[in-house]
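Student: Going line by line, the protein sequences match chains A and B. The first sequence: position 238 = 238 (our numbering), numbered continuously. The second sequence: position 424 = 424 (our numbering), numbered continuously.
Keep in mind the hints are simulated off the structure, nothing from the lab. Accuracy of the hints is not assured; some may be wrong.
Which residues of chain B face chain A? A partial, calculated answer using Cβ under 7 Å [as the list claims (entries may be wrong)]:
1. ASP323
2. ARG436
3. LEU446
4. GLY450
5. LYS453
6. ASN457
Don't be surprised by glycine CBs; every beta carbon is placed ideally from N, CA and C.
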Amino acid sequence: MLSIKDLKAGVEESQILKGINLEVKPGEVHAIMGPNGSGKSTLSSVIAGREDYEVKGGSISFEGDDILELDPEERAHKGIFLSFQYPIEIPGVSVSNFIKTSLNESRKAQGLEPMPAGDLLKMMREKMELFEIKKGYLSRSLNQGFSGGEKKRNEIFQMAMLEPKLAILDETDSGLDIDALRIVANGVNKLRSDDNATIVITHYQRLLDYIIPDFVHVLYDGRIVKSGTKELAHELEEKGYDWIIKEADQC
Amino acid sequence: MTEEDKILEEVTAAEYKYGFTTDIESDKIPKGLNEDVIRIISQKKNEPEWLLEYRLKAFRSWEKMEEPDWANINYEKPNYQDIIYYAAPKQKKKLESLDDLDPEMKKTFDKLGISLDEQKRLAGVAVDFVMDSVSVATSFKDNLADLGIIFCSISEAVQEHPELVKKYIGTVVPTSDNFFSALNSAVFTDGSFCYIPKGVKCPMELSTYFRINEAGTGQFERTLLIADKGSYVSYLEGCTAPMRDENQLHAAVVELIAMDDAEIKYSTVQNWYPGDAEGKGGVFNFVTKRGICHDRAKISWTQVETGSAVTWKYPSCILKGDDSIGEFYSVAVTNNYQQADTGTKMIHLGKNSKSTIISKGICAGKSEGSYRGLVKIMKGAENARNFSQCDSLLMGDKCGSHTFPYIEVKNKSAKVEHEATTSKIGEDQIFYCNQRGIGTEEAIALIVNGYCKDVLNQLPMEFAVEAQKLLAISLEGSVG
Ligand SMILES: Nc1ncnc2c1ncn2[C@@H]1O[C@H](COP(=O)(O)OP(=O)(O)OP(=O)(O)O)[C@@H](O)[C@H]1O
Ligand SMILES: [Mg+2]
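Whenever a hint applies, use it, and build me the whole structure from the sequences.
Tutor: Printed below as a string of structure tokens:
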């Protein structure tokens, strides 16, 4: 589904991603861990098509198509979703209006009519239930005045509404309380299918107790320096990153 | 140019979508302005003597006045002797119904997207359409007449209800008030008149469409709206002008009178031709709008200004009565080389009078937008309150926005609050929208509409939708 080969990307002077290789197949869950500043968010931004980063080498293909030339919205239309580490506020635009616009723009790109208001409302209700989201919430300005946890839950709510093929969750667990973490994780699990895939970026093993990954990768200094199964996450929780960094530096 | 600048440049370059002229014969008088021209206008309109005198008095004071140049705008002053002051579309006979309308004019309605039939059916809006200077169609008049509401062109009001016109015209905006209002008082050719009797709540939105058609004509409408005690009316004014090379002058006067316990909502969506991307052509919009509130009366001005090359406009409220309320909600968009100097004046005379000012400026391209507001609390205005919020949103870094709040307080018990912010549409916001499948053009429209929400919410539903589209049109265009 997603195939990243020797991806090198960065900003003007500095190289941030220094040759990433990653294969994600439908139905899989990949976890990416790694110290602060190692390039996790940069990788997700580059996959999503953020123009601040210049791709200097390598390739990203999604369902067989090279997507590096596509605009961010075109990638979104193909079914790539990014849950932001720091969701953005848009004053005066309600959550429901934003989701409606977002959903209908994607439908338009697929040659579909806008979703009838009744269906949309019904779907919103279902997904709100799934993530235990309070009612008054839909009419609030997008992310404005939301608590950290509310912002994250809102990201996942949007994901549920858009039903992407590939979801990248960038530290969605940070800022969630214990109950919220469980609710969000359960929701994500319910949305899992053989056709879609998830990349979860996290610092904490705990999330992976709920969302069980098929693979765990460690990103360090712009490279994936170690990959393994969920046991790797336990090991990291216990020992930290030092031993991996040493290993990596020796190579 | 950075990537962001390029994007902004592209999306803010939109062509004016209402640029077309209607090919109908019109009855014009020669260019120029003198007492004879005024006499001809008055005669053509078969006006009573007192109105001619009123016009001449205004003309004489105008002659002694200087065109103001204190606003933060730069333009070549019009040559007032090079303007045609009267152009009426030639109609063979008086219209009995909308079906008798000149087909060309009907086309104009359609292009404006306000097919009267449609409006009639859908919204229950009574439309008084003013093309160039003469009102050509008024719908729903009979329904309104049953309630005692008078809604017609001002020329008709002069003929049919001279006592009302004579009693109120010039009482809120005196002939000598300012250069443009004096000019308007001398040469106004048409506009709308509305009277709501005591205790009557007008059951539908009253609406006027203004449109400048004839080349080289100035448009001087005069609007007079009287809400008698305890009555209510919501009035909508929409303006468009076709594409023209030379600048066209538009100098309107609007007077509102809200008697005790009356309420007037006056909403404007203005998209006169703003000139092309190089700053050539466009409408000069110099408007005097003012309302007076008697005891417990309320006037709300709501405006969405997207057009005109130069705008000079300060809808104001004189809060004469105790417990009276004045509100001003404004969105002003400038793009390319447009200049707007707009705002409001709230003059508090009555006790416990309250005013609210919400102004949202949006500047794109190389345009300049200014907010100029005066809040004046007079000695007797015990416990007067004002809250002002003036925000500006900048798109790109070649435009400018300025805020000039003037506050004069002569009563110690008054409370005046002023807040101002300036922001930019963030690249982060656009990327966030993009990631959710919303293209940049659409994203900007979404963000801008969100930013203007407090003002758009004040507009009647159908008008709000139209205003949103206009905002989108004036800020977007060529991406995608
Ligand atoms: N737009 C940018 N301009 C300059 N430097 C950047 C930019 N984006 C990221 N970087 C740098 O690239 C490195 C990787 O940043 P990134 O945000 O991808 O880290 P991360 O792995 O997500 O870290 P964290 O765990 O703290 O979220 C950091 O050193 C960061 O400062
Ligand atoms: Mg990060």
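Student: Of all the hints given earlier, name the ones this structure violates by number, lowest first.
Tutor: Of the numbered hints, 1 and 6 do not hold.
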